[in-house]
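Number of protein chains: 2
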Amino acid sequence: MCNHENDHQHNHKHRKSVINRLARIEGHVRSVKQMAIDERECPDLLLQIAAIRKALDNTAKLILTDHMENCLVGAVHNGNEEQVLQDIKKALDNFIR
Amino acid sequence: MCNHENDHQHNHKHRKSVINRLARIEGHVRSVKQMAIDERECPDLLLQIAAIRKALDNTAKLILTDHMENCLVGAVHNGNEEQVLQDIKKALDNFIR
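First to last, the sequence lines map onto chains F and S. Start counting the first sequence at 1; every next residue gets the next number (UniProt numbering). Start counting the second sequence at 1; every next residue gets the next number (UniProt numbering).
Treat the hints loosely; a few may be bogus.
The list cannot tell twin chains apart, which means a pair is met if one copy fits it or any two copies do.
Claimed, not checked - When the alpha-carbon atoms are kept at most 27 Å apart in a straight line, the in silico DSS-like pairs for lysine-lysine are as follows:
#1 K13 - K90
#2 K16 - K89
#3 K90 - K61
#4 K16 - K61
#5 K54 - K16
#6 K89 - K54
By construction, these hints were calculated from the structure, which means they are not laboratory data. Computed from a predicted model, the values in this text were never measured in an experiment.
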């Protein structure tokens, strides 16, 4: 998950949790799709979509934590943090506008 | 999708689009899960998660549009808009904090 420090990949301690969360989110989206097919009430659909969005944000936070704890720290040790910092800023721009 | 105006259910003109969008989002989440399994780079994962969030928000907007165009307008005609307005406010609270 880190292109700058390939030898550190096994150190992404939240990776399994990220995969599990994405699997749960996938199932959650599938169930909301079924709710839409079943003509369930609009406010119920909106509530579920808000919950999925929150779960996505928490997953993104976990990926970012992994990225900073591993890729960024490793890159600083190797003196090549410029690119990693630029990547993180670009990723953050997509979440915080 | 509207509990207050059951006879208006067939008027949710965006319902098919909502179901299609949710199906695409489901596939998108599945592919990001596979990216995490494949140890893809953190910034790539974050970029995809941001794209999914945006797609979710656009889907929520579509549901809200349907809800206002049908349930709310119908409720106002019948003089029982109080509950529908309260539901919409509650749903919006989850998106705009």
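Hint-by-hint comparison with the structure:
With identical chains, the CA atoms of K13 and K90 are at most 27 Å apart within one copy only, with a shortest distance of 23 Å there and 37 Å across copies. For the homomeric pair K16 and K89, the shortest alpha-carbon distance inside one copy (24 Å) is at most 27 Å, but the shortest distance between copies (37 Å) is not. Taking the shortest alpha-carbon separations for K90 and K61, both the intra-copy value of 14 Å and the inter-copy value of 26 Å come in at or below 27 Å. Taking CA atoms no more than 27 Å apart as the test, K16 paired with K61 passes inside one copy only; the shortest distance there is 14 Å, against 32 Å between copies.
Within a single copy, K54 and K16 get their C-alpha atoms as close as 19 Å, and across copies as close as 25 Å, so both meet the 27 Å cut-off. Proximity of K89 to K54 under the C-alpha cut-off of 27 Å is found in both arrangements, the shortest distances being 21 Å within a copy and 18 Å between copies.
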